[in-house]
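S.K.: Under full-length UniProt numbering, think of the first position of the sequence shown as 1, with each following residue one higher.
Don't read these hints as lab results, they were simulated from the structure.
These numbers were taken from a predicted model, which means no experiment stands behind them.
Keep in mind that a hint or two might mislead.
Quick list of simulated restraints, FRET-style, between CB atoms [claimed, not checked]:
| no. | residue 1 | residue 2 | range |
| --- | --- | --- | --- |
| 1 | Thr304 | Arg172 | 33 to 39 Å |
| 2 | Asp222 | Pro92 | 52 to 58 Å |
| 3 | Thr304 | Asp222 | 54 to 60 Å |
| 4 | Asp309 | Asp217 | 30 to 36 Å |
Cβ atoms here follow ideal geometry from the backbone N, Cα and C, with glycine treated the same way.
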Amino acid sequence: MTLITLRDVGVASPRTLFQNLNLSLYADQRIGLVASNGSGKSTLLRCVAGLAEPDTGAITLARGLRIGYVPQNLPENLRSLSLYEAIRRALPPQARDQETWRVDVALGELDTPPELHDRCLQELSGGWQRLALLARVWVTEPDILLLDEPTNHLDSDKLNVLENWITGIAARTPMLIASHDRRFLDTCTTHTLFLRPEISRDYAYPYSQAHKLLVEDDAAQDRQYTRDLKEVGRLRRNAGSLRNIGVNSGSDLLQKKAMQLKARAEKLEETLKPVESLRRGEIRLASSSTHAKVLVALRDVTITTPIGDTLFQIDKLDIYQGDRVVLLGQNGTGKTSFVRLLKRATAESVAGTRVSPSAITGFMDQGMSHLPERQTPHRLIAALTGIGDAQATRLLASAGVDIQAQTRAIALLSPGQRARLALLKLRLETPNFYVLDEPTNHVDIPGQQRLEEELLAQGATAVIISHDRQFVRNVGTRWLAIKNGHLREYDGPEGL
C-alpha cells in the first residue's frame, strides 16, 4: 500500500535544494535520507509533515494517515516540563488522565530509567532529550515516522536502544530517516534516497550497498556526459563547416543542413548535466610542527563536575605526538568535563597536568560555543591574522558555507554549516594538538569521510570524543573508556 507519494517535488528558495523528486513510501519501508549539509533533508521532512510547502510538485498522503515528525531540536515550550509530563501532553487532552499507561509503555520501550521521569527536560542530556521527542511522537500511535538526525547526542548505549527499538518494536512502522550515521543507516534502513539539487537517486538497499550503486551510476553518467560533450563539439564543427561551404557556394540546402546540425547540438547541450557530488565543501586540517614527544601528561588527576562532584580518576595518561586518543563512555560520565580540564590546562597551571610549551591546542566542543553567535561567518574568518575579505569569502565557500550564509549571524546557520565553520576556524589556527568533542555531529557523510582522511593524512595528534562508531574505528589509534569511576585503556572500540 502506498502511504506517501511525491511527484515532481522541488524546493528552490533561496537556491535549488532539490527538484523533480519522485518517491513513493510503502508499508514496512524505512528509507534513509542522505544529502550534504544544507541540501534540504530537514526541509523535505518538514514538507512531508505538512509544516512547509514545496515550491513545485505535489505530496499526496493516504487518507487518514497519521504522521509522526521528530525534529532535531527540543522546542522551547517543552524545556521546563518534566520528561513524563512532556510525553503525557502529546496525548489528546481527553486522554491525558485516563491513558497515562501509554506514556509508561513508551518510556519502557525506550529503556528510560524511572528516576528520570520527574526530571526537567532541560536538565537531561541531549541523548535523553532526543529519545523524549521520539517517545512524544510514539504515544500518538503514528502510521509513519519522520526522523530528523535521530542519533545526534546519543551515546553508544542509547544508540543500541534506538536501533533495537527501530528494528524490533517499531519495525513494521514505515519511516523516512535523515541521518549522517553510516552504521545506523546500514542497521536500520531498507532503502536509501540520495537527495541532490539536480537528479536525486533512490535504491532498495541500506546505505553502504546503495552508495556502491550510486558510485557506479555516477561513473556511467560521467561517461555518457563525456560522450555527449564530444558529440556536441562534433555537431557544432560540422555545422560550421557546412555553413561556410554553403555560404561560399551559395547553397541554401547546405546552410539549411548546417542550421539543423546546430539545432541538434543545442538540443543535446540542453540535456547535458555533469555528475553531481554529495560532497559540498572541503574539510581540511593543518598542523604546526612540534618536537615534543609527549604533548600532554596527566598524573593522579580527578575529573569533577562544575560543583566539585567526582566523575572519574586518571592515574596516569601520556598523550604522545601522533596519538589519536578516542575517549568513550556513556553520557554524563565526564567526557566533556575532561575536555574542559584540558582547555584550562593550556591556559593555566592545573595540578597533575602538564601540557608541552610547544603544544598549540585547537578545541571544538559539541555545542560549538567558541563561535560568536551574533557575528557573521565572514567577519569571523576575515578577522583572523593574514586573511582579508576576498580570501575569507573563498575559504568559506570552499568549506561549504555559501555566499548567502556568509553574511548571516552564526546563530542563524544550520547545524551543519556551523560545524563546517567551526572546523574551518580550527584549521586556520594551525594547531598541533586537536581536542574534538563530537566533531561529526551535524557533519554530512562526505564531510565525515573527509575529516577522517585529513586526520590520517596529517598524522594529527588528537583527543576525540565521538559516538560515531564508524568514525572512531577509522581514525583512532588508542581507545580509552570511563568505567566505574576510572579511565582505562583498551585494545579497540569493540564491546566498550
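S.K.: Against each hint, give a clear statement of whether it holds in the structure.
M.R.: Structure-based check of all given hints:
For the pair Thr304 and Arg172, the beta carbons lie near 46 Å from each other, so the given range of 33 to 39 Å is not met. Between Asp222 and Pro92 the Cβ separation comes to about 53 Å, which falls inside the hinted range of 52 to 58 Å. With their beta carbons about 56 Å apart, Thr304 and Asp222 fall inside the hinted range of 54 to 60 Å. Roughly 54 Å separates the CB atoms of Asp309 and Asp217, a value that falls outside the hinted 30 to 36 Å.
Violated hints, in rising order: 1, 4; the structure is consistent with all others.
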